[in-house]
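Visitor: Listed here are the chains, written in short residue letters.
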Amino acid sequence: MEALGAAVGLILAGDGELLSIVGLSLRVTLMALALACAVGLPLGALLGISRFPGRGAVIVLVNALMGLPPVVAGLLVYLLLSRSGPLGDLGLLFTPTAMVVAQTVLVLPIVTAVTRQVVEDLWAEYGEQLRSLGSGRVRAVPTLLWDARYSLATGVLAGFGRASAEVGAVLIVGGNIAGHTRTMTTSIALETAKGNLALALGLGIILLGLALAINGAAFALSAAARRAAAA
Amino acid sequence: MRATPSLLPLALDRVGFRVGGDWLVRDMSFSVAGTGRTLLLGPNGAGKSVTLRLCHGLLSPTEGTVRWAAGQPCPPGPGRHAMVFQKPVLLRRSARENLLHALSLAGLHAQAAGERADMALERFQLAPLAHRPARVLSGGEQQRLAIARAWAVQPQLLFLDEPTSHLDPASTRAIELALDLFRAEGTAVLMTTHDLAQARRLADRVLFLHRGRLLEDRPAAAFFTDPHTREAAAYLRGELLD
Ligand SMILES: Nc1ncnc2c1ncn2[C@@H]1O[C@H](COP(=O)(O)OP(=O)(O)OP(=O)(O)O)[C@@H](O)[C@H]1O
Ligand SMILES: [Mg+2]
Chain A
1 MEALGAAVGL ILAGDGELLS IVGLSLRVTL MALALACAVG LPLGALLGIS RFPGRGAVIV
61 LVNALMGLPP VVAGLLVYLL LSRSGPLGDL GLLFTPTAMV VAQTVLVLPI VTAVTRQVVE
121 DLWAEYGEQL RSLGSGRVRA VPTLLWDARY SLATGVLAGF GRASAEVGAV LIVGGNIAGH
181 TRTMTTSIAL ETAKGNLALA LGLGIILLGL ALAINGAAFA LSAAARRAAA A
Chain B
1 MRATPSLLPL ALDRVGFRVG GDWLVRDMSF SVAGTGRTLL LGPNGAGKSV TLRLCHGLLS
61 PTEGTVRWAA GQPCPPGPGR HAMVFQKPVL LRRSARENLL HALSLAGLHA QAAGERADMA
121 LERFQLAPLA HRPARVLSGG EQQRLAIARA WAVQPQLLFL DEPTSHLDPA STRAIELALD
181 LFRAEGTAVL MTTHDLAQAR RLADRVLFLH RGRLLEDRPA AAFFTDPHTR EAAAYLRGEL
241 LD
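Sequence lines, in order, name chains A and B. So the first sequence is numbered by UniProt numbering: it starts at 1 and just counts up by one. So the second sequence is numbered by UniProt numbering: it starts at 1 and just counts up by one.
Some hints here could point you the wrong way.
Straight line, CA to CA, 20 angstroms or less: simulated EDC-like cross-link-like pairs of lysine to aspartate or glutamate [unchecked claim]:
#1 K194/A - E2/A
#2 K194/A - D15/A
#3 K87/B - E162/B
#4 K87/B - E128/A
#5 K87/B - E2/A
#6 K87/B - D204/B
#7 K87/B - D195/B
#8 K87/B - D147/A
#9 K194/A - E17/A
#10 K87/B - D168/B
#11 K87/B - E125/A
Please keep in mind that the hints were generated in silico from the structure rather than gathered at the bench. Note that the coordinates shown come from a computational prediction; the quantities given were computed from them, not determined experimentally.
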């Protein structure tokens, strides 16, 4: 209970260490989310409307990757970036960039899989009409993404949720270095182990608030979609 | 936007379309030229919608050929041929944005597209609805918007699949009047309907289909007064066909 009071105190006082941790976490996660969207939205849309041999296997793979354990993603990126790894010369291990890469690996399958499903359904409805208007499949991608925007936003928020809550991947590739690669989740793990419950709890409250905000946004979005009769 | 020279005539030569072991359309030959209205009549399941999709290039014939003026296949698209489906498919955007989308596919730049869209909204009495989400419009308004969209891209041939089947008499009348705008632009029309009074009002020519085969290809007046086949006569009398 004491710890809870201290935690709220830290948040209200705008504690410097706490703010820098929150700031880094958000920067890393948002970067990863932006990258995952830049790749996953068009990729998922193409997967949704194309037909090729082996398509089923690709879809199963992408769906399975949604459940990729963060520590495994972290391990893979670690192997890639470690000094003896193929990208070791870049010297990215234990930097925020490495954490962005790891979280992108985690979020990309979610964005891709959700986009694939949503766009495939929409294509079933729009396909003939779009072809009738002279639109090829590739030209249809931006049209479909735009018209699926509300459903896609829900998927993107789910990706944000996953990235901001995970601890394994950023811990492995970031190293939890104070003031450099320490995020909310890795700090909570560390501070709890050290017995510094106030900071851990303060960060926990912020994370929880973030989760609430994300779900509130998702709810508001689907309401907006219904209002626009777009669903 | 209008491709010159003319794409017409459209000519089907012994077209057949099979799904699994069933021939949905068989041995279908006819051609469409000029600016008249050709009505495709026949009972449910006769193959009218399949025939329209074959003509429009949404289905590929299993046998035979669908050719346009130059003796070539021709994909659907602006300035070429357009289709209005029985149930209009509208994008999740405003009425005006639906038109802009079609016009951008037609290669128009923003300003020209805007002007053309506004002209279409005007012509089809949709101006007050321009900024409504297309999918909250009533069935009749949606169908009018779908037709306005087809008009905006200036097709040489327009396919309409039962465009008024869900509409009340006033909306039906509005659609029929709208078809006159196409005639004014020199667009030929190939359409289906189950409304025989409408067919009599609109048709210059009738193609009568039964079980995937073309049984009659006649001038409208002759078809309605003196059908040549037993099936067409029964259909016109409203009797069940075997
Ligand atoms: N993709 C398809 N696969 C299998 N059968 C089909 C397919 N499309 C149409 N059919 C069948 O082909 C036949 C002709 O269908 P079509 O939709 O052309 O009929 P129609 O003349 O338009 O009838 P209606 O007046 O009821 O619209 C029907 O028996 C239908 O079940
Ligand atoms: Mg039909």
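Visitor: Against this structure, judge whether each hint is valid.
Guide: Outcome of the hint check:
1. K194/A - E2/A: holds (16 angstroms)
2. K194/A - D15/A: Within the cut-off at roughly 19 angstroms; holds.
3. K87/B - E162/B: At roughly 9 angstroms apart (the allowed maximum being 20 angstroms), E162/B and K87/B satisfy the hint.
4. K87/B - E128/A: Within the cut-off at roughly 12 angstroms; holds.
5. K87/B - E2/A: Cα-Cα ~65 angstroms, so violated.
6. K87/B - D204/B: Roughly 25 angstroms between the alpha carbons, so the hint for K87/B and D204/B is violated.
7. K87/B - D195/B: holds (16 angstroms)
8. K87/B - D147/A: Measuring from Cα to Cα gives roughly 19 angstroms; hence the hint holds.
9. K194/A - E17/A: Holds, because 16 angstroms separates the two Cα atoms, which is no more than 20 angstroms.
10. K87/B - D168/B: Distance of about 15 angstroms is within 20 angstroms: holds.
11. K87/B - E125/A: At roughly 11 angstroms apart (the allowed maximum being 20 angstroms), E125/A and K87/B satisfy the hint.
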